[in-house]
Amino acid sequence: MNTLRWIALTLTIGLGPFGAVAVAQLAPEIGYVHPAGGQVGSTVDVVLGGYDWTPDMQLFVHDSRVQIELLGPPSPVLITEPPYWFGAKARGYAWPLPREFRARLTIPADVEPGFVRWQVANANGVSPTGVLHLTRTPEVIEAPRRTTALELPDLPVIVSGQIRRIEEIDHYIIRPRHNGMVTVELLAHALTSPTNPMSLHGVLQVHDEQDQKVADCTASEGNDLTTSFRVEAGREYRISLHDLDFAGDRSYVYRLLIHPGPRVMAAYPAGGKRGERRMVEFVGRGIETGADALEAVTREITFPPGEANSSFEYVLETPQGPSRPYQFFLSDYPEHVGVQTISELPAAVTGRLDKPFQTDRYSVTMKQGEVWQINARSQTSGPALDLDLTIISPDGTEVASIDDVPGSTDPELLFTAPADGVYRVDISDRSSHSGHQAAAYRISFERPEEGFSLKLPESLSIPLGTTVKLPVAVTRRGSYQGPVPLQIEGLPSGVTTASNLVIPEMLNELVVELVCAPDVAVSASLARITAQAAGRDAKPLTSTKSLVMAITMQPRIKITPEGLDDVSKVRRGSTHLFPLNIQRTEGFDGEITLEMTAKQQRHRQGLASDEMIVPSSVTRVEYPIFVPEWMETTKTSRMILNGAIRVPDPQGNIRTLLQRMELRLGILPEGAILKLGSKPAEYSVPIGGQLSIPLTVSCLPEFREPIRIELVPQEFQQGLVSADSITLRQGESSASLTVSVADDPGLIGPQDLVFRATAYQEGKWLVKSETTVPIEVTPKAPATATTAR
Numbered sequence: 104m105n106t107l108r109w110i111a112l113t114l115t116i117g118l119g120p121f122g123a124v125a126v127a128q129l130a131p132e133i134g135y136v137h138p139a140g141g142q143v144g145s146t147v148d149v150v151l152g153g154y155d156w157t158p159d160m161q162l163f164v165h166d167s168r169v170q171i172e173l174l175g176p177p178s179p180v181l182i183t184e185p186p187y188w189f190g191a192k193a194r195g196y197a198w199p200l201p202r203e204f205r206a207r208l209t210i211p212a213d214v215e216p217g218f219v220r221w222q223v224a225n226a227n228g229v230s231p232t233g234v235l236h237l238t239r240t241p242e243v244i245e246a247p248r249r250t251t252a253l254e255l256p257d258l259p260v261i262v263s264g265q266i267r268r269i270e271e272i273d274h275y276i277i278r279p280r281h282n283g284m285v286t287v288e289l290l291a292h293a294l295t296s297p298t299n300p301m302s303l304h305g306v307l308q309v310h311d312e313q314d315q316k317v318a319d320c321t322a323s324e325g326n327d328l329t330t331s332f333r334v335e336a337g338r339e340y341r342i343s344l345h346d347l348d349f350a351g352d353r354s355y356v357y358r359l360l361i362h363p364g365p366r367v368m369a370a371y372p373a374g375g376k377r378g379e380r381r382m383v384e385f386v387g388r389g390i391e392t393g394a395d396a397l398e399a400v401t402r403e404i405t406f407p408p409g410e411a412n413s414s415f416e417y418v419l420e421t422p423q424g425p426s427r428p429y430q431f432f433l434s435d436y437p438e439h440v441g442v443q444t445i446s447e448l449p450a451a452v453t454g455r456l457d458k459p460f461q462t463d464r465y466s467v468t469m470k471q472g473e474v475w476q477i478n479a480r481s482q483t484s485g486p487a488l489d490l491d492l493t494i495i496s497p498d499g500t501e502v503a504s505i506d507d508v509p510g511s512t513d514p515e516l517l518f519t520a521p522a523d524g525v526y527r528v529d530i531s532d533r534s535s536h537s538g539h540q541a542a543a544y545r546i547s548f549e550r551p552e553e554g555f556s557l558k559l560p561e562s563l564s565i566p567l568g569t570t571v572k573l574p575v576a577v578t579r580r581g582s583y584q585g586p587v588p589l590q591i592e593g594l595p596s597g598v599t600t601a602s603n604l605v606i607p608e609m610l611n612e613l614v615v616e617l618v619c620a621p622d623v624a625v626s627a628s629l630a631r632i633t634a635q636a637a638g639r640d641a642k643p644l645t646s647t648k649s650l651v652m653a654i655t656m657q658p659r660i661k662i663t664p665e666g667l668d669d670v671s672k673v674r675r676g677s678t679h680l681f682p683l684n685i686q687r688t689e690g691f692d693g694e695i696t697l698e699m700t701a702k703q704q705r706h707r708q709g710l711a712s713d714e715m716i717v718p719s720s721v722t723r724v725e726y727p728i729f730v731p732e733w734m735e736t737t738k739t740s741r742m743i744l745n746g747a748i749r750v751p752d753p754q755g756n757i758r759t760l761l762q763r764m765e766l767r768l769g770i771l772p773e774g775a776i777l778k779l780g781s782k783p784a785e786y787s788v789p790i791g792g793q794l795s796i797p798l799t800v801s802c803l804p805e806f807r808e809p810i811r812i813e814l815v816p817q818e819f820q821q822g823l824v825s826a827d828s829i830t831l832r833q834g835e836s837s838a839s840l841t842v843s844v845a846d847d848p849g850l851i852g853p854q855d856l857v858f859r860a861t862a863y864q865e866g867k868w869l870v871k872s873e874t875t876v877p878i879e880v881t882p883k884a885p886a887t888a889t890t891a892r
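In short: position in the sequence shown from 1, add 103, done, that's our numbering.
Hints were generated in silico from the structure; no laboratory data involved. Ideal placement from N, C-alpha and C gives every residue a C-beta, glycine not left out. Keep in mind that a hint or two might mislead.
[To be verified] Cross-link-like lysine-lysine pairs, in silico, BS3-like; alpha carbons within 27 Å at most:
1) K672 x K192
2) K648 x K558
3) K867 x K778
4) K778 x K192
[Said to hold, decoys possible] Label-pair distances were calculated between CB atoms; the ranges are:
5) E420 x F349: 36 to 46 Å
6) D257 x T146: 15 to 25 Å
7) T146 x P848: 36 to 46 Å
8) D855 x E773: 21 to 31 Å
From just these sequences and the hints, can you work out the full model?
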């Protein structure tokens, strides 16, 4: 499950005594990218969804070969689209409100497929890391607001899509060219920003031409999923995808990877000794006969020699075609299968948890003082096992137990044997995904290599003209306990540090002081820290990490509701003015733009406001918020604002600073000012024809403004249905609109016509009501034949 962060932290790390550091700035956050990656060797236009972004963003990709370029200014803050949850569900989570930027993603041909990290920064701080997914497979981008199934080209193919609205279901059609198996992989959770607590929990189903279900799987635990199913050449198969709760949001981006051929789900052993030739048992769906069932085949494999690689990809040839590549570990020690006793280390064992709630137990001989790196890895292709590892000493005492390491469901342990003897090592699974012949894992016992690895925060904010502390830590491996010299490259211009940075001998931590001059340009950069030392026999030991550093400026405004945290009763379908007090500091006296902050609390059902400019020197304003007529009256809603100001940095560069409003604006909806309605009736019109729709208007007696009534065509009705608007004056309560329907067969069938009534209190504050009238559009009546005389 994603971590929920209600407050943007510009620096959050877990480095032992260094703890966590937070700077009170409204740092930007990455929401989503659509499409969420691209094919290597291509240039792709993408949309970046960002939370609390400003027009002056800087973008950084941690692989310098991959580039993202902004193509224009940001959109306004975007409200979550209808439909909305009502009732109990409406009290749940409110999705963050993004701004969207058009951008261009350029991926050179020499970049390896996989995930690439990226971040953004501005004068308020640095975002947490997002990811881009790069492949070599041809791609298709789902059209927005598509209402029909999208037919896909030849396999393999990747589909980039979004579940933008609640209740949305996306449909795709494939027509495989060959009999056999097809595999569909869903990537959604892996693409989600760590600051967005919600992501697509996919439900994936496949139906054949007879509407028989051939595959059905659910990512109920929030993980991504993979499924395989048998197909017949030339037949049509419909793939459907929706959220487990039928939720939806712009941030619900996904990538569907659809591949022909069977899928290897496990291999025994899951690793091989370099240069060794041995028999390997493969387990997968349809890998022997093509049946939609788990099958096993055995092949003799030669594992490549040499130390250049730590893994090896193997493609299993089957009667139904080649499988998806399976990745083996490579080692220089014995790789066992099915043993319970390990008398010599280093070694590895591939095991199988083929019974539910099974625990595998190994007897392992160790000597006192020996240090072993023990890793257990889930090796099943599909839902990963959640492994537990426990070590029992020769005297029966539990001496170590570990579940997960950060960012994984696999355990790792650096273990020092306290005595000579035979230890018991237990492996079990916490998930519900074991209990079959493909529930494979690999446990390895290795001598820790001499060396170290760096641990850094992923970002650092440096307030202008200050000194900040950057905690740097190393995790030492093997016997190396010597000093670790550090080099820092790519600091922001105007930021300096000492030139002789060294983590002392036997120690694992160093606090690096970074000094920012008070008169420099406010900017960010991707810095790189390298630790390098000489090990035994002068072998170079190196570790490099990168992080984004941003020079920031302090906020210069404070915004507070005049009623503090009061709740105001507001008529539904109307605009309410909320008084705000504004305080300027640091000598700032310029304009302020008020806008909705990205992360709202109890923000529901289309509550909205536009940007508002507060002129120079003004200290009190009334901020208009529109409350839709459908908002429930049984609960309060809240809105939080940002104040954005544009100020020059010491070098004259204009930067945008954001300050989040203190407290919230509370709203309790009550009865409407204005209501548009229609008489229940059955309406029918042929294509190319017209019909009259009678409408009624009711409003409060004291409301005397002119009311404009108009037809609002839905997106797919644009240019196909139309009507002239009319205006009702005081005392008028009914009207009829004549609707013209285009001569387009695509309109035939039931249609919903949306009508809107708008007026303005005091001539400027919006009051609005809508009603929907169902009609039936019919074919034209056949022409009457005439006989010549």
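Taking the hints in turn, this is what the structure says about them:
no.	hint	verdict
1	K672 x K192	holds (22 Å)
2	K648 x K558	holds (8 Å)
3	K867 x K778	holds (19 Å)
4	K778 x K192	holds (26 Å)
5	E420 x F349: 36 to 46 Å	holds (42 Å)
6	D257 x T146: 15 to 25 Å	holds (23 Å)
7	T146 x P848: 36 to 46 Å	holds (39 Å)
8	D855 x E773: 21 to 31 Å	holds (28 Å)
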